[in-house]
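There are 2 protein chains.
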Amino acid sequence: MENAKPKTTPAAPIRTAEILCVGTELLLGDIVNTNAAFLSRRLAGMGISVYHQAVVGDHPGRLTQALEEAYAGHGRPAAQLVILSGGLGPTYDDLTKETVASFFGRDMMLHAESLARIKSYFGKLGRCMSCNNEKQAMMPQGAVVFPNDYGTAPALAVSDGERTAILLPGPPSELEPLFDRQVRPWLSQFTDGVLISRNIHIMGMGEADVEAKLCDLMVSSTNPTLAPYCKEGEVRLRVTARADSEAQATALCDRLVEAVQSSEVGPFIYGVDVENVESALVQTLTRLGLTIACAESCTGGMLGERITSVPGASAVFAGGCITYTNRMKVEQLGVSQATIDRYTEVSAETAAEMAVGVRRVCHTDLALSTTGYAGPGGGTPEHPVGTVFVGIASDHGVRTLKLSYAAGKTRDYIRRAAASRAFLEAIREVMPDNDSQ
Amino acid sequence: MENAKPKTTPAAPIRTAEILCVGTELLLGDIVNTNAAFLSRRLAGMGISVYHQAVVGDHPGRLTQALEEAYAGHGRPAAQLVILSGGLGPTYDDLTKETVASFFGRDMMLHAESLARIKSYFGKLGRCMSCNNEKQAMMPQGAVVFPNDYGTAPALAVSDGERTAILLPGPPSELEPLFDRQVRPWLSQFTDGVLISRNIHIMGMGEADVEAKLCDLMVSSTNPTLAPYCKEGEVRLRVTARADSEAQATALCDRLVEAVQSSEVGPFIYGVDVENVESALVQTLTRLGLTIACAESCTGGMLGERITSVPGASAVFAGGCITYTNRMKVEQLGVSQATIDRYTEVSAETAAEMAVGVRRVCHTDLALSTTGYAGPGGGTPEHPVGTVFVGIASDHGVRTLKLSYAAGKTRDYIRRAAASRAFLEAIREVMPDNDSQ
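Residue numbers (the working numbering), protein chains in the order written: chain A, 5 to 441; chain B, 5 to 441.
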């Protein structure tokens, strides 16, 4: 349907959406689809329900089919909004914009402002713009264009009132800030009601145990809902409430969070609404004005990397030593060669001396250490792959913890789970009542 | 269609598949869907084309609809195989197995062997099995069961000859080894032909530039195909060939890889078929018998974490110092206070002294250092957020590199891209001809 003066904004409040990610690299498994998770999380926060996510190739026919299915809803609620990511690049196989334009019966027109921005972007980088970047400045007639400060492809929205499509560039480093700073404010004009979620973080208890202890609460809770999910060595409970106002939704959530906190699961909760356990640690240490250092063997720098991934970590993190070899453990941390000879480098004794050593070297209140067999090689009959010793040193002295992960867990899983557990122990060290929210 | 003695193995060679991931946590964006990427990569390697990936909630109706669409093919080739992940857990909202059973008209029956395995799994962990774990031992009639050594939920395959479904547990730490060690060998009985892929890794050239220089080659190449994709600060080219034999497919790929190597893109290739740049570095240093250490400020341990994520890294990696504070830089690495006072801690001079210092401290052949502003806070007019200095020390002395990332790049992007570039410089340091494949 050709349309001279098309509607360009949604008519009805948007309550349902689908995520449609475009790219052969996704279908080939070359890259992991983080955009679907990011967009779904954001939409949930805006009270927009996502019932379906799909990935299709750079293929106009299949893309059109996916759009038709999304807006029609196949055995699921029809989507009022489809958010597409990818296929806005300069290359010949980037076809998303052109396909959506023809789906909505719009012509493509050169968007002068976008062209100017793309040129200046390349100017800033001191790189010259290859002519096929101009393709990125072509826009469907009547589209709302969101300038991209983080790359060359602008985001855009196309709507005929009933159906709305938002197109975002594929790279997460562009998609995420573009959505948060430009698309979200625009989209929020067309939503109603609010969905509030709170996340309860649990460590030291399996999903089946958590669910067994909370089964009645889960089944009986409809608004808010209570849903468990696993994440490397921890269980999270998501509490989600829908209401007309944020205050109402928050009140609904809070009551259920308190019910969980006072349940048998309570003692295993390390945080509520924390990004992750490293954020909980940085928040806790910042509040208490304490500093921390790490001595890492099997985690090889992951403790430091994860702590410093939290903005503001510099307030609490001094640094640390990655002592992958025994010589480094002795020279850098003052671990005694006799301890290594007698107990080996993977032992509670070595972990303890590593933690004490790095705390002294870095002049911190607290120190963590890790030494273990993350596999695939290594391990002993006494300490097979999956064995990790964690040391925690503070004014109270030093204590150690032996972690054993099931055979078959990957190197990455063992390292991530051991690091998470180390962070939890650091929180417990400074907050014995374990109330870290 | 009720069926007393159902067919349980695929009749025709399987050439098309879809990935169907089940879980409300995916639709809410609580977790990133790494399973779709893993399974797609594996299927591509088996010559099975994936035209569609979808995520649906734990909802029998929508799951059934998604299965019908996949096997029917909506504007895309019909799938002979659907691989489902998730929803096999012990909790009341895990419904995948039951839904697939009724889709294929099969009854659920207790699988005694699985029940025994689940019991012994909990025994090994010294945890007691909650009764709802028994649900995980119920199987559709005629299913092929793949025992799970990595968790409680077995994988299974259901087929009526025409249509085949493979069900895997959601946690990647279970799904990945289960697929590789048990499902893949079974599935490979029902495939034909081979698809071989080679990956060319490029750094220091943008996607648009790469594509401009290789446009003719990309358009003219149909088998093998040549497709670019971006990944944090680098561009990759995937070469994929289909043939009857592995030898034929490999020969097709090799010719195209050589064509790219001898093109203008050649000098920017750091590796072919390497997992990533840290693997390329570990391989290169192992081959040359060289060792490396790292001094990290803004990357906070990421260099060490990524190097040690490569199995066998202990042959080349001694360790390093995470010197997040200036005091640590001075005390641990011997950076002179005068240098910091005069040039600040984010400077080529400081990066150089950090690299030289950690090389001395760790007694290695090579050393890398990083210092910069990863944001969101920090930065100066002269060195805004996105500025990172990398130091490379070796027998040849020390050199530094100033990296500048565009405004708006995230903290994680800046840290990852700077680390990747540091690894590339380390490879170049020991292989001036940059021939690292």
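Among the clues, some could well be false.
Which copy is meant is left open, because identical chains are indistinguishable; a pair holds if it fits in one copy or across any two.
Cut-off 25 Å, straight-line C-alpha distance, at most; resulting in silico cross-link-like pairs (SDA-like, lysine to any residue) [said to hold, decoys possible]:
id, residue 1, residue 2
1, Lys235, Asp416
2, Lys217, Arg242
3, Lys235, Leu405
4, Lys217, Ser249
5, Lys406, Pro17
6, Lys235, Asp153
7, Lys235, Thr38
Don't read these hints as lab results, they were simulated from the structure.
Outcome of the hint check:
In this assembly of identical chains, the alpha carbons of Lys235 and Asp416 lie at most 25 Å apart whether taken from the same copy (13 Å) or from different copies (20 Å). Within a single copy, Lys217 and Arg242 get their C-alpha atoms as close as 16 Å, which meets the 25 Å cut-off; across copies the closest is 49 Å, which misses it. Taking the closest pair of Cα atoms, Lys235 and Leu405 come within 25 Å of each other only inside a single copy of the chain (21 Å); across copies the shortest separation is 38 Å, beyond that limit. For the homomeric pair Lys217 and Ser249, neither the shortest alpha-carbon distance inside one copy (31 Å) nor that between copies (55 Å) is at most 25 Å.
With identical chains, the CA atoms of Lys406 and Pro17 are never at most 25 Å apart, being 54 Å at best within one copy and 49 Å at best between copies. Within a single copy, Lys235 and Asp153 get their C-alpha atoms only as close as 33 Å, which misses the 25 Å cut-off; across copies the closest is 19 Å, which meets it. Taking the shortest alpha-carbon separations for Lys235 and Thr38, both the intra-copy value of 15 Å and the inter-copy value of 12 Å come in at or below 25 Å.
The structure fails to meet hints 4 and 5 from the earlier list, while all remaining hints are met.
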